[in-house]
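**Student:** These protein sequences, in sequence, are chains U and H. Going left to right, the first sequence walks through residues 66 to 376 as the numbering used here numbers them. Going left to right, the second sequence walks through residues 66 to 376 as the numbering used here numbers them.
Possibly wrong hints are sitting among the right ones.
Any copy, or any two copies together, can satisfy a pair, since identical chains are not distinguished.
[What the hints assert, rightly or not] Straight-line Cα separation of at most 27 Å, DSSO-like style, residue types lysine-lysine; simulated pairs:
hint	residue 1	residue 2
1	Lys269	Lys204
2	Lys367	Lys180
3	Lys367	Lys87
Since the hints were derived computationally from the structure, they do not count as laboratory data.
Okay, here's what each chain looks like letter by letter:
2 protein chains.
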Amino acid sequence: MSSNPQVLISEVGPRDGLQSVKATMPTPAKLSWIDALYASGIREIEVASFVPPKLLPQMADATEVVRHALTLPGLTVMALVPNLRGAEAALKAGVHKITLPVSASAAHSLANVRKTREEMVEEVRRIDALRRDIAPHVKMEAGISTAFGCTLQGAVAEDDVVWLAGAVIEAGADESGLSDTTGMANPAQVRRIFNRVRAEIGDKAGAAHMHNTRGLGLANCLAAYDVGVRTFDSSLAGLGGCPYAPGASGNVVTEDLVFMFEAMGVKTGIDLNKLIAARAPLMAGLPGEPLYGMTPESGLPKGFVQELAYV
Amino acid sequence: MSSNPQVLISEVGPRDGLQSVKATMPTPAKLSWIDALYASGIREIEVASFVPPKLLPQMADATEVVRHALTLPGLTVMALVPNLRGAEAALKAGVHKITLPVSASAAHSLANVRKTREEMVEEVRRIDALRRDIAPHVKMEAGISTAFGCTLQGAVAEDDVVWLAGAVIEAGADESGLSDTTGMANPAQVRRIFNRVRAEIGDKAGAAHMHNTRGLGLANCLAAYDVGVRTFDSSLAGLGGCPYAPGASGNVVTEDLVFMFEAMGVKTGIDLNKLIAARAPLMAGLPGEPLYGMTPESGLPKGFVQELAYV
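All chains should be modelled from the sequences, with the hints used to inform the complete structure.
**Tutor:** This is the structure:
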């Protein structure tokens, strides 16, 4: 299915969602869920995180999940990597794209990856060198986490965010998105900071990764769209958050985000009914886990028709 | 308290909220709740609906509630009136402002007030005549309901909305806002229709009354703000909906809306901590009723300070 999407919805549930819940989803359930997401038209999925299984047992099957996802034609298979070692494993597994979180908050950087921000920029440089060496076709994103505030240190200076986005691009990343890891962003700030980052790194400004901690997730996505952002991270059923940013639960719900864009006439390439149907394998794989999302609960509006072009 | 508010938050919980729940809040509890809303800095409250107690027993104490609200200095005391008879009762009770819902959907108009849209325009004219006669200082809003879609008829023509907004102003209303009664609005549509209505009636374009049925409530408020709307209806704890628009529950949550604006640096004149505290008398008066709102649950962000000017 294709409908010349005007925005790219990057589904992060299988990584960001699953690593935030206590239960471990069995591998076959993960694969079924990823298949259902793909069937709805989603064409970029963060399928796993390459971290030591001791730290995140939920991600112990990362290589197997990647191998399956690679069989889905046209899907960009992404993985999160916290460092060079994870990047090496991800590259060897054959992913199309790696994403490395680099925190704009000094306190969060130490808590999340036990490295300073400057050390993380050097990690980007090392990962870039490795990639050029063993998998030069693979894309690398360095996402700026806690870009809009930090539950540990409070406010994060906008200058720090702009500096860091420039630094990771200089160190070799292909793009740098901005993450509201802690759910503290507001629309005015989103517009201001994305505009500044774009002025610094141009088209290498990447995805908006928003959380719905205070209910502003979609408003912040709209604000980002208004200033030219065209890639949005979200999680089916709003699964996920960040285990090292207390109280920061709640990714933007993919279903509501896709509904917003499609209702606005902005094509996502995603079939809303099939997307909502993808909640079933998620529920089957994580029995008892609370699912979020208003659109699945209310249903699509009377008379709402999605124009989808099948090719 | 005053901080030169840049937007007016019009709290509709005591009317829209209470008329949508099955339980009837005891009058003393209503008064305590209204006092708490006022104490937080809210300066416009829709305190009651003047409808026959047979239809809405929750509103049987409308006159008593209005009488109490009138003792709060600087508060604009609003009431909803469905028709001339309700308007007469509200004017006699001494309200500062009446609001009459006029549906842009032919089907919803008949279901909600058993009148055609044209008959409702004539009702506006009769109410205006009455008001000029007995209470010329009282303001009258005619809010266009189902302005963004209807659960009964589906899509609502934008031309109908623009025509109706012009017609009610011509018939004597001071202002005409737009209501997403059914939770079907999207930000692109909100900007388009408010722009068209403003082109038609200028500064007489009134409040944005949004619902959160599909999670887009705040995004739609942001969209309305972007095109110049400065009055927003919302309901503490998201209480409410429309009993005659099935599945349309969920007013925008006042707490989240105020947080969004204050975080953006747009002054509301409302103290967020006191606003969140106003949930206590609501809970006390409606035991067991589910309350919504993300900001009260997550708390204010670390380091978040509201600049409030006390005079």
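**Student:** Does each hint hold? Answer for all of them.
**Tutor:** A quick look at each hint next to the structure:
For a Cα distance limit of 27 Å, the shortest separation of lysine 269 from lysine 204 inside one copy, 12 Å, qualifies, whereas the shortest one across copies, 53 Å, does not. Taking CA atoms no more than 27 Å apart as the test, lysine 367 paired with lysine 180 passes between copies only; the shortest distance there is 23 Å, against 51 Å inside one copy. For the homomeric pair lysine 367 and lysine 87, the shortest alpha-carbon distance between copies (26 Å) is at most 27 Å, but the shortest distance inside one copy (38 Å) is not.
Checked against the numbered hints above, the structure violates none of them.
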